[in-house]
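K.L.:
Input sequences plus hints: build the corresponding full structure.
Protein chains in written order, with our numbering: chain A, 1 to 188; chain B, 1 to 419; chain C, 1 to 585.
Any given hint could be a false lead.
Said to hold, decoys possible - Cross-link-like lysine-lysine pairs, in silico, DSBU-like; alpha carbons within 30 Å at most: (1) K10(A) / K358(B); (2) K5(A) / K408(B); (3) K117(A) / K430(C); (4) K24(A) / K358(B); (5) K100(A) / K24(A); (6) K120(A) / K173(C); (7) K117(A) / K176(C); (8) K261(C) / K103(A); (9) K120(A) / K176(C); (10) K49(C) / K15(C); (11) K176(C) / K183(A); (12) K173(C) / K183(A); (13) K37(C) / K50(C); (14) K176(C) / K167(A); (15) K61(B) / K40(A); (16) K117(A) / K171(C); (17) K408(B) / K24(A); (18) K358(B) / K16(A); (19) K49(C) / K12(C); (20) K171(C) / K183(A); (21) K103(A) / K176(C); (22) K336(C) / K432(C); (23) K16(A) / K408(B); (24) K526(C) / K346(C); (25) K125(C) / K50(C); (26) K261(C) / K100(A); (27) K261(C) / K120(A); (28) K261(C) / K167(A); (29) K171(C) / K120(A).
Calculated from the structure, these hints are not laboratory results.
Small disclaimer: the values here were computed from a predicted structure and weren't measured.
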Amino acid sequence: MATIKLNRPKLDAGEKIYLGAIFKGFFLTLTHAIKSLRGKSAGAEGLASSGLGVTMQFPEQRWDEHMPEYYRGAPTLVTDEQGRERCVSCQLCEFICPPKAIKITPSEIPSDDPWAKVEKRPLEFDIDMIRCIYCGMCEEVCPEQAIYLRKDYLITGTSRDQMVHNKKKLYEIGGVRVGLVNKWNELK
Amino acid sequence: MPEILITLAIIIVKVITFTFVVVLPLVPLSVYFERRFSAIIQDRVGPNRVGIPFTLLGMKKDFHLFGLIQPIADGLKLFLKEDFTPDHVRKAFYWLAPALTVVPALITVCVIPFGPDVTLFGYTEKLVIADIDVGPLFIFAISSLTVYGITIAGWASNSKFPFIGGVRSTAQMISYEICLGLSIIPVLLYYGDLNLSNIVNEQAKNGWLLLPFWTDGKLSLPSAEAALFLIPAIIAFLIFTISIFAETNRMPFDLPECETELVGGYHTEYSSMKFAMFFMGEYAAMVIGSALIITLFLGGWSLGFGFDQAIANFSIGDFQIGGFIHIGVFLAKLIAFILFFILVRWTVPRFRYDQLMKLGWVIFFEAALINVFLAALIIAAPEFKTTIIASGSVILVAVTAAIIWVAKVSEPPAKILRA
Amino acid sequence: MSDTASSTAELKLPKDLAAEKGMVNVQIDGVWYQFPKGTRMIEACRSVKKDVPYYCYHPKLSVPGNCRMCMVQMGMPPRPAPGQEPVRDENGYEIIGWMPRPAISCANTVAENMGIRTTGDLVEKCREGVMEFLLINHPLDCPICDQAGECRLQEQSVGFGRGVSRFIDMKVKKPKNVDIGPRIRLDDERCIMCSRCIRFMDEVAGDAVLGFTQRGTHTTLTVHPNRELDSNYSLNTADICPVGALTSNDFRFQMRVWFLKETPSIDVNCGTGTNIVIHTRGNTIHRITPRQNDAVNSNWMPDSHRLNFHYIDSEARLTEPLARENAQHVGTTWTKAIETFTAKIKKFAADEIAIVGSARMTNEELFLLEELRSVLSVKNFSLVARNGEADPLLIAADRNPNTTGAKIVLKQDDPYHSLVSIRSGVQSGKIKALISFHEDLITDAGFTAEDLSKIDFFVQSALLANPSAGFADLVLPGAAFAEKRGSMVNLSGRLQRLNRAIEPPTNTRDDWEILRDLITAVSGEKSTLHSIEDVFKKIASTISAFDGLTLSKIGAQGVVIQETGYKIALLENERARKAAGIING
Numbered sequence: 001m002a003t004i005k006l007n008r009p010k011l012d013a014g015e016k017i018y019l020g021a022i023f024k025g026f027f028l029t030l031t032h033a034i035k036s037l038r039g040k041s042a043g044a045e046g047l048a049s050s051g052l053g054v055t056m057q058f059p060e061q062r063w064d065e066h067m068p069e070y071y072r073g074a075p076t077l078v079t080d081e082q083g084r085e086r087c088v089s090c091q092l093c094e095f096i097c098p099p100k101a102i103k104i105t106p107s108e109i110p111s112d113d114p115w116a117k118v119e120k121r122p123l124e125f126d127i128d129m130i131r132c133i134y135c136g137m138c139e140e141v142c143p144e145q146a147i148y149l150r151k152d153y154l155i156t157g158t159s160r161d162q163m164v165h166n167k168k169k170l171y172e173i174g175g176v177r178v179g180l181v182n183k184w185n186e187l188k
Numbered sequence: 001m002p003e004i005l006i007t008l009a010i011i012i013v014k015v016i017t018f019t020f021v022v023v024l025p026l027v028p029l030s031v032y033f034e035r036r037f038s039a040i041i042q043d044r045v046g047p048n049r050v051g052i053p054f055t056l057l058g059m060k061k062d063f064h065l066f067g068l069i070q071p072i073a074d075g076l077k078l079f080l081k082e083d084f085t086p087d088h089v090r091k092a093f094y095w096l097a098p099a100l101t102v103v104p105a106l107i108t109v110c111v112i113p114f115g116p117d118v119t120l121f122g123y124t125e126k127l128v129i130a131d132i133d134v135g136p137l138f139i140f141a142i143s144s145l146t147v148y149g150i151t152i153a154g155w156a157s158n159s160k161f162p163f164i165g166g167v168r169s170t171a172q173m174i175s176y177e178i179c180l181g182l183s184i185i186p187v188l189l190y191y192g193d194l195n196l197s198n199i200v201n202e203q204a205k206n207g208w209l210l211l212p213f214w215t216d217g218k219l220s221l222p223s224a225e226a227a228l229f230l231i232p233a234i235i236a237f238l239i240f241t242i243s244i245f246a247e248t249n250r251m252p253f254d255l256p257e258c259e260t261e262l263v264g265g266y267h268t269e270y271s272s273m274k275f276a277m278f279f280m281g282e283y284a285a286m287v288i289g290s291a292l293i294i295t296l297f298l299g300g301w302s303l304g305f306g307f308d309q310a311i312a313n314f315s316i317g318d319f320q321i322g323g324f325i326h327i328g329v330f331l332a333k334l335i336a337f338i339l340f341f342i343l344v345r346w347t348v349p350r351f352r353y354d355q356l357m358k359l360g361w362v363i364f365f366e367a368a369l370i371n372v373f374l375a376a377l378i379i380a381a382p383e384f385k386t387t388i389i390a391s392g393s394v395i396l397v398a399v400t401a402a403i404i405w406v407a408k409v410s411e412p413p414a415k416i417l418r419a
Numbered sequence: 001m002s003d004t005a006s007s008t009a010e011l012k013l014p015k016d017l018a019a020e021k022g023m024v025n026v027q028i029d030g031v032w033y034q035f036p037k038g039t040r041m042i043e044a045c046r047s048v049k050k051d052v053p054y055y056c057y058h059p060k061l062s063v064p065g066n067c068r069m070c071m072v073q074m075g076m077p078p079r080p081a082p083g084q085e086p087v088r089d090e091n092g093y094e095i096i097g098w099m100p101r102p103a104i105s106c107a108n109t110v111a112e113n114m115g116i117r118t119t120g121d122l123v124e125k126c127r128e129g130v131m132e133f134l135l136i137n138h139p140l141d142c143p144i145c146d147q148a149g150e151c152r153l154q155e156q157s158v159g160f161g162r163g164v165s166r167f168i169d170m171k172v173k174k175p176k177n178v179d180i181g182p183r184i185r186l187d188d189e190r191c192i193m194c195s196r197c198i199r200f201m202d203e204v205a206g207d208a209v210l211g212f213t214q215r216g217t218h219t220t221l222t223v224h225p226n227r228e229l230d231s232n233y234s235l236n237t238a239d240i241c242p243v244g245a246l247t248s249n250d251f252r253f254q255m256r257v258w259f260l261k262e263t264p265s266i267d268v269n270c271g272t273g274t275n276i277v278i279h280t281r282g283n284t285i286h287r288i289t290p291r292q293n294d295a296v297n298s299n300w301m302p303d304s305h306r307l308n309f310h311y312i313d314s315e316a317r318l319t320e321p322l323a324r325e326n327a328q329h330v331g332t333t334w335t336k337a338i339e340t341f342t343a344k345i346k347k348f349a350a351d352e353i354a355i356v357g358s359a360r361m362t363n364e365e366l367f368l369l370e371e372l373r374s375v376l377s378v379k380n381f382s383l384v385a386r387n388g389e390a391d392p393l394l395i396a397a398d399r400n401p402n403t404t405g406a407k408i409v410l411k412q413d414d415p416y417h418s419l420v421s422i423r424s425g426v427q428s429g430k431i432k433a434l435i436s437f438h439e440d441l442i443t444d445a446g447f448t449a450e451d452l453s454k455i456d457f458f459v460q461s462a463l464l465a466n467p468s469a470g471f472a473d474l475v476l477p478g479a480a481f482a483e484k485r486g487s488m489v490n491l492s493g494r495l496q497r498l499n500r501a502i503e504p505p506t507n508t509r510d511d512w513e514i515l516r517d518l519i520t521a522v523s524g525e526k527s528t529l530h531s532i533e534d535v536f537k538k539i540a541s542t543i544s545a546f547d548g549l550t551l552s553k554i555g556a557q558g559v560v561i562q563e564t565g566y567k568i569a570l571l572e573n574e575r576a577r578k579a580a581g582i583i584n585g
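P.N.:
Following this line, the structure appears as structure tokens:
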């Protein structure tokens, strides 16, 4: 075991009695408490405080308008302006997903489909929202710009089944997203 | 009605009123204050939701009442929780321990004076359950039983963290009991009385121990003796207050149950109402401790500044009910002191165990001892010749210096910490 | 290089030392090694762990050198002028003169005093250039391409590519999703024209149906007109395709390869014992690919065997022991099933019982079956022969994977011969109890439904519901080849190991466990066999051919335990081509 010699700071008599420091501490705590009581805590404004501390009173006050652009809510699937489901079920999100919340069953697009040239799409796409940790890795890894984390944060359900978002639900929340790269259009 | 039955009825009314209507509700109240105050200190909101759920009855808004109903909800929850007794515990003691913590704390209520006399229906009664002449001694005797509850809980749980908690608690409580007892001797010397009612009466009349600015109900500068006695009084007050913190296992001395080290300390293995009783015992001890400090040093029920006589004489018809106003004063002081307890908890970090022991044995014990002699000297001064007082002072200074020197040389050399 | 005998009177030069052993000295990335004469440069580099990327090269195929990915910098000592001595360094090696242009390492062989650089500016720039050209017309199909994850183009693009494309024109369009055969699908845009598949079909499968049409950028892989890629070895082209141009219809869009767990095992569809890798995710087999074993199957395997695994999780799979009650099968527990077996089988005399086993069982199972036979002192014991047509490559006429093993373990020259007498015994009513393991007696062993209805007590252990199991009084569900461990001996006498890739259904049991429990129940003695290793140890201690072996000692490539003289046609062909210098082997 290594021996480490610590040099303690030299305290003067007043510091040694310690009482002064304690009263200073009381003063600090009290001033902070008073600030908090008046809703003047540091950062209270930015956090849309309810007037007490920095806390928001959730169900009555929502922070939807304070939500930053990069907010990571529920992961969803999107369609593009042509109504094509963007996911091709490459399963990279399933692979990267740290809590293994995503489960995809791939399938082939039938040849009579207008987008038959894309060849592949998910048959089933389930995200278990009990498992999801909203890390956004699925969005980051998606090569097809198909999965996005939206601002929906109120994901509730009364059973485990309800907490699994299936493909239909995911497209429902995700909606249409325009202005994405449409690499499949260039094909003949 | 025979006299004896009336006396009995009065006693029962007082017991029920003071323990179950005044002190016991203070426990959940202080829990509420603790949570709310700590929340405010930490920029949070704290419990503010639980109220009467009018929306369930189809109305538009709930009645929140600042969340004051939260403690009731908590209590209800604790009642409804499964009362789980682990397989490995020593059952009888395990069941006994919670009661042993909460009962002594509540028994001590009986000597605390809540107010002066009141006259109702021609009967004059003191607003104290048992007006005994050994008040402080009674409190120390009973409240030191609490340590059995904790020790037995730790031992009976038959698991290591509770055991460590129990052992720590034993050592801590025994150490600080001494300081506690020694520190109030100057006060008792000063008043020459062990009856708490009398002590408070005296304070109401001639100024609080720490605020002696009136004599016989009239504002005046303190007498030389009273002013001089402020020195030992403040020392006694500091030692007593800090020792009360240690006795009640409050931050910064909550080593028997510190979560970071011992999970839950001695009550790790407890659940439901048994846990709640520990919790209650702890807060009841805090309430009683505050009451004792107020009674001894801060004038008890007295409002001070010469108003006390007027309030005491306030009466409607034959009912001299000024005493009830004094109960209000007392409770206000009590809550203020509880808030101080909470402020301390959220300001001062926890002590290390060796620091705790050193503080108790090396500093407070000696300081309290010297303080006793100092107080005696000040009290005795008017009755003796100057030479005796002077030589007494010299001896006291010499002894103090000697103690400080001994404490200094007995200090272990600069420690080499092993990392 | 002139002779330098005079200067090496006392000191032998490295080249002479190497020549004595038929080797040559080659410097690779600054280090001198010795290689046998005729080694290809790429193999030399690979053997000393210097990675050279390549696409078209395949050790088992001829070398066209058309992908240009394996370029390295090569150098030889300069030819000295007449009468001039070569310049040597202090170790006796001649100073290498590096060539200013790179050379492909797959088509060149090593030579004395040659130098190879697998890294350096020149080589790296070349690879970058080659990668850029290959990627110019390659579509961005990776998200939908089955090859993604095991794609050489992906890997080498990351390892050696530029990272950024400078190509701004439109990519060349080619046919996609072309149906070129019953089991293979072609995507021409993804093809990088390495011609591995063309060479495989021509040289190994002997059915040259693939070829290139058009020229330059528009070169397109296609099948010959009016032909299909329908060879029984067509799926090997998907294996060797470095990109996703050829993909398997069976595996198409089933699962991404990075999810697959690979378990080495062996094929059980014929006596060759092809080495395979079972790719699984969770408890599902997604595909089977061949595993290299130059003494069994080289790198290849027939499609018919490769695709024969879907029955494992089919609807017909038996998932719990069944007992017949009033002409109906009802589920029961293993304890009860084994109790029933013991109680009933003891009512029959030894010559009233017959056991029909299968040469599709492992050595361990056969060994225990033999033990059960001796415990019951049954004389009527046979396996069921299963013969088909051999093909000129890998498939053997004997479709039982463990005939040789059965001969060794059962100590019989013909374990199939008494089946006829058992059949006639059943027909005449002499045999009243029949125990059958892994053989459907009606389809495979020539019994008729009428025969089976005569049997008083019929126990059938099987994987799938089958016609004869319908007659069984007791059905014991076993484990499929991918669900159990064990060993088998192929026709050429090589002991090989099966490994467990997936778990059998919850209420089924490994066959050796069923047999062990039956033996324990019948004999009443406590079994000392607790794992498959115990069974193998017992075999090793009783049968001399297995002497000194354990399951783990068998290894991935197997061990020859008996010389049978059986020749695998494909290997003979390969040896001939290697001897002719067409392939590297």
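K.L.:
Against each hint, give a clear statement of whether it holds in the structure.
P.N.:
Outcome of the hint check:
| no. | hint | verdict |
| --- | --- | --- |
| 1 | K10(A) / K358(B) | holds (19 Å) |
| 2 | K5(A) / K408(B) | holds (22 Å) |
| 3 | K117(A) / K430(C) | violated (66 Å) |
| 4 | K24(A) / K358(B) | holds (23 Å) |
| 5 | K100(A) / K24(A) | violated (51 Å) |
| 6 | K120(A) / K173(C) | holds (19 Å) |
| 7 | K117(A) / K176(C) | holds (8 Å) |
| 8 | K261(C) / K103(A) | holds (17 Å) |
| 9 | K120(A) / K176(C) | holds (13 Å) |
| 10 | K49(C) / K15(C) | holds (23 Å) |
| 11 | K176(C) / K183(A) | holds (16 Å) |
| 12 | K173(C) / K183(A) | holds (14 Å) |
| 13 | K37(C) / K50(C) | holds (19 Å) |
| 14 | K176(C) / K167(A) | holds (28 Å) |
| 15 | K61(B) / K40(A) | holds (28 Å) |
| 16 | K117(A) / K171(C) | holds (16 Å) |
| 17 | K408(B) / K24(A) | holds (27 Å) |
| 18 | K358(B) / K16(A) | holds (14 Å) |
| 19 | K49(C) / K12(C) | holds (29 Å) |
| 20 | K171(C) / K183(A) | holds (12 Å) |
| 21 | K103(A) / K176(C) | holds (28 Å) |
| 22 | K336(C) / K432(C) | holds (22 Å) |
| 23 | K16(A) / K408(B) | holds (13 Å) |
| 24 | K526(C) / K346(C) | holds (18 Å) |
| 25 | K125(C) / K50(C) | holds (18 Å) |
| 26 | K261(C) / K100(A) | holds (17 Å) |
| 27 | K261(C) / K120(A) | holds (23 Å) |
| 28 | K261(C) / K167(A) | holds (27 Å) |
| 29 | K171(C) / K120(A) | holds (21 Å) |
In this structure, the earlier hints numbered 3 and 5 are contradicted, and the remaining ones agree with it.
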